[in-house]
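Required output: the full structure, derived from the provided sequences and hints.
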Amino acid sequence: MNEHNPCLKEKEPDRPRFVTLSHVCKNFGALNVFDDVHISFEHGRVHALMGASGSGKTTLMRLLAGIEKPDAGHIEGMSGLKRSAVFQEDRLCENLSVAVNIRMPHTGLKGQDKQRFLQRCENLLRAMGMDETLTRPIHELSGGMKRRVALARAVLADADVFFFDEPLKGLDEKTEQRVMTAIVPLLAGKTVFWATHREGELRYFSSPSLTRIEDIGK
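When we follow the UniProt record's numbering, the leftmost residue of the sequence shown carries the number 1, and every step to the right adds one.
Among these hints, one or two may not hold up.
[As the list claims (entries may be wrong)] Here are the simulated lysine-lysine pairs, BS3-like style, with alpha carbons at most 25 Å apart:
| id | residue 1 | residue 2 |
| --- | --- | --- |
| 1 | K169 | K190 |
| 2 | K82 | K110 |
| 3 | K146 | K82 |
| 4 | K114 | K69 |
| 5 | K114 | K174 |
| 6 | K174 | K146 |
| 7 | K110 | K69 |
| 8 | K190 | K69 |
| 9 | K190 | K82 |
| 10 | K69 | K82 |
[Unchecked claim] Just the calculated beta-carbon pair ranges, DEER-fashion:
| id | residue 1 | residue 2 | range |
| --- | --- | --- | --- |
| 11 | S53 | R91 | 14 to 22 Å |
| 12 | K169 | L96 | 19 to 27 Å |
| 13 | A72 | N95 | 41 to 49 Å |
| 14 | T135 | G200 | 31 to 39 Å |
Hints were generated in silico from the structure; no laboratory data involved.
Just so you know, these numbers come straight off a predicted model, no measurement behind them.
Don't be surprised by glycine CBs; every beta carbon is placed ideally from N, CA and C.
So, in structure tokens, the structure goes:
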């Protein structure tokens, strides 16, 4: 609150334009994954992280998300930002329903807010080709359906930065197209890190920034 005029709210601090890795090194035992990496990613854009299996895509994502810490160097531009992620494991609660799993980041919702959110869940799942699944427990679903639930939970989270690590694995081409048609509009204007070994996935995005992991420092 402004002390001179209590009706005026304090201006929110400006968010950084970039997330920057400065001289970042990361090792796992004798395995050197990154050595003296310096790179910046602009907020509000889709950043495709391309590379073969084992190239370091997941490690870079985990560093950016704050799950892993660099052995040297530092990362700036992520402080205070809310994050949502889909990693290569779906990380769903098997005995809980689809609705409960998707609503986990929103446990405080009640009344009409809760109902509106559940309607958004149902609409998104329907667009993904999963009609009438909200009340089904996760353990009844196929692998591809579980993947779609994980994607829906991540996309519907109230986040600033989204991390997707090989998010379309296990989906056939028709399902992949339905999923991407449904989720890409919901990510507009957000910071998105999309790790994949398939360059064809980038056709769903408008002007994504492409980073090849093999080129950023080993």
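Each hint, compared with the structure:
no., hint, verdict
1, K169 to K190, "holds, 22 Å"
2, K82 to K110, "holds, 21 Å"
3, K146 to K82, "holds, 24 Å"
4, K114 to K69, "violated, 36 Å"
5, K114 to K174, "violated, 31 Å"
6, K174 to K146, "holds, 16 Å"
7, K110 to K69, "violated, 36 Å"
8, K190 to K69, "holds, 24 Å"
9, K190 to K82, "holds, 11 Å"
10, K69 to K82, "holds, 18 Å"
11, S53 to R91: 14 to 22 Å, "holds, 20 Å"
12, K169 to L96: 19 to 27 Å, "holds, 23 Å"
13, A72 to N95: 41 to 49 Å, "holds, 42 Å"
14, T135 to G200: 31 to 39 Å, "holds, 35 Å"
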